[in-house]
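Visitor: Based on these hints, arrange chain B on the given structure of chain A.
Number of protein chains: 2
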Amino acid sequence: MTDTAASSAEPAPLRLGIAGLGTVGAGVLKILRDQSDLIAARAGRPVTVSAVSARSRERDRGVDISAFAWEDDPVALATRDDIDVFVELMGGTDGPAKAGTEAAIAAGKDVVTANKAMLAHHGQALAEAAEARGHVIRFEAAVAGGIPVIKTLTEGLSANRVERVMGVMNGTCNYILTRMQSSGLPYETVFDEADKLGYLEADPELDVGGIDAGHKLALLSSIAFGCQVDFDGVALEGIGSVTIDDIRQAADMGFRIKLLGVAQLTGRGLEQRMQPCLVPAASPLGQLEGGTNMVVIEGDAVGQIVLRGAGAGEGPTASAVLADVIDIARGIRVSTFGQPAASLRAVRPAQSAVPAPYYLRMALVDRPGALAKVAAALGDAGVSIDRMRQYGHEDTTAPVLIVTHRTTRSAIDAAVEGMSATGVVAGQPVVLRIEQV
Amino acid sequence: MTDTAASSAEPAPLRLGIAGLGTVGAGVLKILRDQSDLIAARAGRPVTVSAVSARSRERDRGVDISAFAWEDDPVALATRDDIDVFVELMGGTDGPAKAGTEAAIAAGKDVVTANKAMLAHHGQALAEAAEARGHVIRFEAAVAGGIPVIKTLTEGLSANRVERVMGVMNGTCNYILTRMQSSGLPYETVFDEADKLGYLEADPELDVGGIDAGHKLALLSSIAFGCQVDFDGVALEGIGSVTIDDIRQAADMGFRIKLLGVAQLTGRGLEQRMQPCLVPAASPLGQLEGGTNMVVIEGDAVGQIVLRGAGAGEGPTASAVLADVIDIARGIRVSTFGQPAASLRAVRPAQSAVPAPYYLRMALVDRPGALAKVAAALGDAGVSIDRMRQYGHEDTTAPVLIVTHRTTRSAIDAAVEGMSATGVVAGQPVVLRIEQV
Chain A
1 MTDTAASSAE
11 PAPLRLGIAG
21 LGTVGAGVLK
31 ILRDQSDLIA
41 ARAGRPVTVS
51 AVSARSRERD
61 RGVDISAFAW
71 EDDPVALATR
81 DDIDVFVELM
91 GGTDGPAKAG
101 TEAAIAAGKD
111 VVTANKAMLA
121 HHGQALAEAA
131 EARGHVIRFE
141 AAVAGGIPVI
151 KTLTEGLSAN
161 RVERVMGVMN
171 GTCNYILTRM
181 QSSGLPYETV
191 FDEADKLGYL
201 EADPELDVGG
211 IDAGHKLALL
221 SSIAFGCQVD
231 FDGVALEGIG
241 SVTIDDIRQA
251 ADMGFRIKLL
261 GVAQLTGRGL
271 EQRMQPCLVP
281 AASPLGQLEG
291 GTNMVVIEGD
301 AVGQIVLRGA
311 GAGEGPTASA
321 VLADVIDIAR
331 GIRVSTFGQP
341 AASLRAVRPA
351 QSAVPAPYYL
361 RMALVDRPGA
371 LAKVAAALGD
381 AGVSIDRMRQ
391 YGHEDTTAPV
401 LIVTHRTTRS
411 AIDAAVEGMS
421 ATGVVAGQPV
431 VLRIEQV
Chain B
1 MTDTAASSAE
11 PAPLRLGIAG
21 LGTVGAGVLK
31 ILRDQSDLIA
41 ARAGRPVTVS
51 AVSARSRERD
61 RGVDISAFAW
71 EDDPVALATR
81 DDIDVFVELM
91 GGTDGPAKAG
101 TEAAIAAGKD
111 VVTANKAMLA
121 HHGQALAEAA
131 EARGHVIRFE
141 AAVAGGIPVI
151 KTLTEGLSAN
161 RVERVMGVMN
171 GTCNYILTRM
181 QSSGLPYETV
191 FDEADKLGYL
201 EADPELDVGG
211 IDAGHKLALL
221 SSIAFGCQVD
231 FDGVALEGIG
241 SVTIDDIRQA
251 ADMGFRIKLL
261 GVAQLTGRGL
271 EQRMQPCLVP
281 AASPLGQLEG
291 GTNMVVIEGD
301 AVGQIVLRGA
311 GAGEGPTASA
321 VLADVIDIAR
331 GIRVSTFGQP
341 AASLRAVRPA
351 QSAVPAPYYL
361 RMALVDRPGA
371 LAKVAAALGD
381 AGVSIDRMRQ
391 YGHEDTTAPV
401 LIVTHRTTRS
411 AIDAAVEGMS
421 ATGVVAGQPV
431 VLRIEQV
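Sequence lines, in order, name chains A and B. Mapping of the first sequence onto UniProt numbering: position 11 corresponds to residue 11, and the numbering continues sequentially without gaps. Mapping of the second sequence onto UniProt numbering: position 183 corresponds to residue 183, and the numbering continues sequentially without gaps.
Worth flagging that the hints you see were computed from the coordinates, not collected in a lab. Incorrect hints may have been included.
If chains are identical, the list can't say which one is meant, so a pair holds when it fits in one copy or spans any two.
[Said to hold, decoys possible] Here are the simulated SDA-like pairs of lysine to any residue, each with C-alpha atoms no more than 20 angstroms apart in a straight line:
| id | residue 1 | residue 2 |
| --- | --- | --- |
| 1 | Lys30 | Gly303 |
| 2 | Lys373 | Gln390 |
| 3 | Lys30 | Glu163 |
| 4 | Lys30 | Gly134 |
| 5 | Lys373 | Leu38 |
| 6 | Lys30 | Arg161 |
| 7 | Lys373 | Glu417 |
| 8 | Lys30 | Thr422 |
| 9 | Lys196 | Gly184 |
| 10 | Lys196 | Gly240 |
| 11 | Lys30 | Glu298 |
| 12 | Lys30 | Glu314 |
| 13 | Lys30 | Ala67 |
| 14 | Lys30 | Gly62 |
In this text the structure is predicted, and so the values were computed from the model without any measurement.
One chain only, chain A, in its complex shape:
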């Protein structure tokens, strides 16, 4: 490219309207301020900001916003004539985020968003509306922060029939679980620590209840399997019931406990689980410490691909938002979910279709023949035992750990019911799936 050519045909800038100037929005503005030449070289055209919108115009964000037009109302921002892309960084399932996105689509804008909750609930309708008008919605920042997992699934592995997608996608939960493991402290204490460190959402149930990670899993499932987003089909279980005993016992047997999302399309439907699981300690998922995220994709041609990186934070999330923006500037216009939204199938939710080994922990009553009764209950349900350990008695009960061979969740449930009926098991056994990775 000569200087003459460049000056005679200066490409038009891509003009953004950014709604939401929290951590991520401020991060986006800082990168655009500091890396404008680099981005223009890669995008083939400048990327500029025309206007912004946020709750407060005055708040100090570490970045000067005086050069941008201001809108109090994100809907007004979304429909401005001087923006090409509406960048939605407000968050929230409905409210201004959804209203602004809908207005932007109706006004013929492309949309970039980091909003997993909105897309997990309204992604199908929003994508259909955008695609009917020839526009795109991009959401790399909504899943696993800075890790380009949407692009990897949609484009990098587009020749694969995906067999399984797994992910540790909530850094706060992984922090809590690995901190429990390393410190030996119970859940409640580590939860309070995480709260003091500011790691938890205003509603902590979004984190520790698995909801945030469940939103992400539902989005990944849609892309991986070509089906409509079905957040309601995700079997959700948080980490609040994971005890330090289970973490210790799992470690003794060579496992780690992770809040793991798993999605698989089976003959019975789409199985989506977000729940505490055991994974081998020596696997990449087992070795994942602290707040880092990991996504594992298994394709029929490529085998297993593992992606690891920061799942949150100003820089990583802004990196993902701007990757989507630069894609649009470059003319990359892949459908929101990797194929036209109108062609995505509505798939039946399924659970427990995929067998796995299970980890069971129970308190066995001190009585002759007690262990035999537990073993018989398992056998009656068709569950065979891989490993069993009984420890010394604590008062009137003894802890018993069992790792089963591969079986179904319904067989495990039947076995647990059988055990309870024997009267030799005190309380409810702990049941955790061992995901084979």
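Guide: For chain B alone, coordinates are given in the frame of chain A:
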């Protein structure tokens, strides 16, 4: 999309001409045969094969090629009117691969290739020629097999100034090194094992000499730092000099030895190294076993992203080739090296600009004051010691291990020269960089 709309405006297929029907070429044909509906749904149009070319038309490849036109000459294939994309899977730095690629570009075709050697040597000229005609050359399969690392760097992390790229990108070398570690067998024995298993190239120096991995590193550097491919600027060192002693000693101190590629742009120029390094055993790179590949990318916004997957083989490589093809079918037309080839800078090669700790192993002569002389030689060169171990004497010498604090390679070289001058070190000390990951 309704059925009516689909049938009234059936999109034109993207038509391929495939040159080279070895493992990868056959893999591409099998996926196109088995997954045509999936690919059409994602690409928005069918992907078809018009013609093929290979050394032998008769060879059984496990896939029927009778429906495709045949060309003996890849150049004739590349210029056929009924192909849109020339898929070059023959390999080789020059010869038919380069002739076919040049002919395809001149004939106005896009090119997809898995050929790292050709691009490491001729990538700049080929990309300029293609881009001058508005065409693209894509090469996801050339680096790290099935891992979508080119796409991740070029698109997924496009908002980042890249700070460092690292990779274990030759599965054979990583197999040999991890097998030495696990078996305790010497290099020569494990090399012979790998040869019998068919893991080695016809010219094994391409693998164990680091050349193949060096080609890949040079391509990654270009994309990461916006500079022209400079394979000659890669400091290459193979794994042939890695001894089982070093592997053992490194492991004792919490390290693993990997053939690690590292690229960094410094004030002094572009530093590209492909050499055996120590990395922490607990890091993702340290934990990488067997033939798997790993690429680590560090960006100013995103932090550290780790990608892991199969670096070779029919399925993974064909997956990468077809991801490029599907991108072209979708209208994704990113410049070969992430920005126009004509805008890539020619960067001065630099070495040793980036300081690091080093591992030294030497045989110390049994003489009073010997260790003091070694320590003095290090001190004189400005190298400070982090850890030192002396072992019991073997005959007349004693093994000494030293881990230094961060220093430059030139200081280490001066220290080694100083040690040799003392006369208390038998033979040449082993010097390995400890890459901080």
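Visitor: With reference to the structure, classify each hint as holding or not holding.
Guide: Cross-check of the supplied hints:
Taking the shortest alpha-carbon separations for lysine 30 and glycine 303, only the inter-copy value of 16 angstroms comes in at or below 20 angstroms, while the best intra-copy value is 38 angstroms. In this assembly of identical chains, lysine 373 and glutamine 390 lie within 20 angstroms of each other by CA distance solely inside one copy; the values are 14 angstroms within and 59 angstroms between copies. Within a single copy, lysine 30 and glutamate 163 get their C-alpha atoms only as close as 39 angstroms, which misses the 20 angstroms cut-off; across copies the closest is 18 angstroms, which meets it. Taking the shortest alpha-carbon separations for lysine 30 and glycine 134, neither the intra-copy value of 30 angstroms nor the inter-copy value of 33 angstroms comes in at or below 20 angstroms.
In this homomeric assembly, lysine 373 and leucine 38 never come within 20 angstroms of each other (Cα to Cα): the closest approach is 69 angstroms inside a single copy and 51 angstroms across copies. When the C-alpha separation of lysine 30 and arginine 161 is checked against a cutoff of 20 angstroms, the pair qualifies only between copies, where the shortest distance is 13 angstroms, while the shortest distance within a copy is 39 angstroms. For a Cα distance limit of 20 angstroms, the shortest separation of lysine 373 from glutamate 417 inside one copy, 12 angstroms, qualifies, whereas the shortest one across copies, 74 angstroms, does not. In this assembly of identical chains, the alpha carbons of lysine 30 and threonine 422 never lie at most 20 angstroms apart, being 64 angstroms within a copy and 55 angstroms across copies at closest.
For the identical chains of this complex, lysine 196 and glycine 184 are intra-copy neighbours only, at 19 angstroms inside a copy versus 48 angstroms across copies, given an alpha-carbon limit of 20 angstroms. Taking the closest pair of Cα atoms, lysine 196 and glycine 240 come within 20 angstroms of each other only inside a single copy of the chain (17 angstroms); across copies the shortest separation is 52 angstroms, beyond that limit. Taking the closest pair of Cα atoms, lysine 30 and glutamate 298 come within 20 angstroms of each other only across two copies (18 angstroms); inside a single copy the shortest separation is 36 angstroms, beyond that limit. For a Cα distance limit of 20 angstroms, the shortest separation of lysine 30 from glutamate 314 inside one copy, 10 angstroms, qualifies, whereas the shortest one across copies, 43 angstroms, does not.
Proximity of lysine 30 and alanine 67 under a CA criterion of 20 angstroms is satisfied intra-copy only: 13 angstroms inside one chain copy versus 55 angstroms between copies. In the homo-oligomer, the alpha carbons of lysine 30 and glycine 62 lie at most 20 angstroms apart inside one protomer (8 angstroms), although the nearest pairing across protomers, at 54 angstroms, exceeds that limit.
Checked against the numbered hints above, the structure breaks hints 4, 5 and 8 and satisfies the rest.
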